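Colleague: Please construct the entire structure, taking both the sequences and the accompanying hints into account.
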Amino acid sequence: MSIAPAKPKIAISACLMGAEVRFNGGHKESRLCSRTLTDYFDFVPVCPEVAIGLGIPREPIRLVGDPERPEAVGTVNREINVTQPLAEYGRQMAAELSDICGYIFMQKSPSCGLLRVKVYHANGAPVDGGGRGIYAQAFCEQHPNLPVEEDGRLNDPVLRENFLTRVFAYNDWQQLLAQGLTRRNLIDFHSRYKYLLMAHHPVQYKTLGNLLGNMGQTDPRELGPRYFSELMEALKKCATRRTHTNVLQHISGYLKQAISTEDKQEMQHVIGQYRHGIVPLVVPLTLLKHFFRQHPDPYIAQQVYLQPHPENLSLRNAI
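Going by full-length UniProt numbering, the first residue of the sequence shown is number 1, and it counts up by one from there.
Just so you know, these hints were derived from the structure itself, not from any lab.
Note that this is a predicted model, so its numbers are computed, not measured.
A hint or two may mislead.
[Unchecked claim] Straight line, CA to CA, 25 Å or less: simulated DSS-like cross-link-like pairs of lysine-lysine:
{"#": "1", "residue 1": "7", "residue 2": "264"}
{"#": "2", "residue 1": "264", "residue 2": "289"}
{"#": "3", "residue 1": "118", "residue 2": "108"}
{"#": "4", "residue 1": "118", "residue 2": "194"}
Modeller: This is the structure:
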């Protein structure tokens with residue numbers, strides 16, 4: 001009996017898993033995370049505010065001062081300043097959670113928010129644009145390549161698919177590192193990710209190809225981290241209908257000797273429907289996979305693009 005591969009680990013703000021740890025004693029359960037995604041990931045819940053000793057319920061904190069380097073202070077008692085403990089806990093957890101492949105943060109939180117968290121001037125007026133939660137900032141500084149996202153943004157199908165694609169790519173890379181980075185497996189890894197890269201960032205697709213093409217005698221253990229960092233940065237860019245269409249055309253080109261004129265016309269028709277927003281991405285992909293089952297191609301068979309995440313997550317049914 002084969003052992004099922006371990007699920008990728010994702011850290012998550014504990015309140016999103018339904019833990020009653022918020023300042024008011026409540027939670028902010030995300031059903032997407034607590035019900036749907038738990039089949040595919042092992043979640044590691046973290047609440048930095050409780051971890052540093054703030055009670056439940058507790059006086060809420062807010063960010064004040066410079067949005068680049070805000071302070072986390074009590075909303076009522078300004079003497080309460082938990083900036084240092086939150087930042088230290090962020091660095092501590094970054095060291096402890098070295099095996100995670102992603103992190104889902106609670107939006108708008110002065111400790112965990114990633115984007116546009118409210119920051120206030122000393123006079124109480126909000127600062128334009130806001131900042132980032134203290135714990136999240138400290139954690140992310142230690143793991144710049146880690147896929148991170150806020151719970152609210154995961155309601156957007158494109159952002160959700162993008163985040164989870166990056167989580168699986170990150171997990172894939174960790175497995176590669178565990179085997180040991182060689183020239184061969186670095187080239188093989190890139191070869192599998194070529195079309196996914198082309199869909200997300202056509203310019204970086206060329207740049208990274210050149211980087212490896214000019215590897216020469218460079219030690220792959222030296223080149224690997226730079227390659228991976230640039231790959232993860234490229235995958236942050238959301239693929240569009242235009243870039244997906246380009247990739248679908250490239251992949252369908254591998255069938256041109258194999259399928260009939262009628263099948264080619266059908267393939268082009270369906271890709272055109274996708275490009276014009278009539279059908280979701282899963283439709284042309286399903287047809288392509290059908291033709292490749294009949295006419296296997298070893299190079300296309302290994303492409304991550306065709307299945308970057310488990311089929312049952314249905315992430316491409318809405319993009």
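Colleague: Any of the earlier hints contradicted here, and which numbers?
Modeller: Structure breaks hints 1 and 4.
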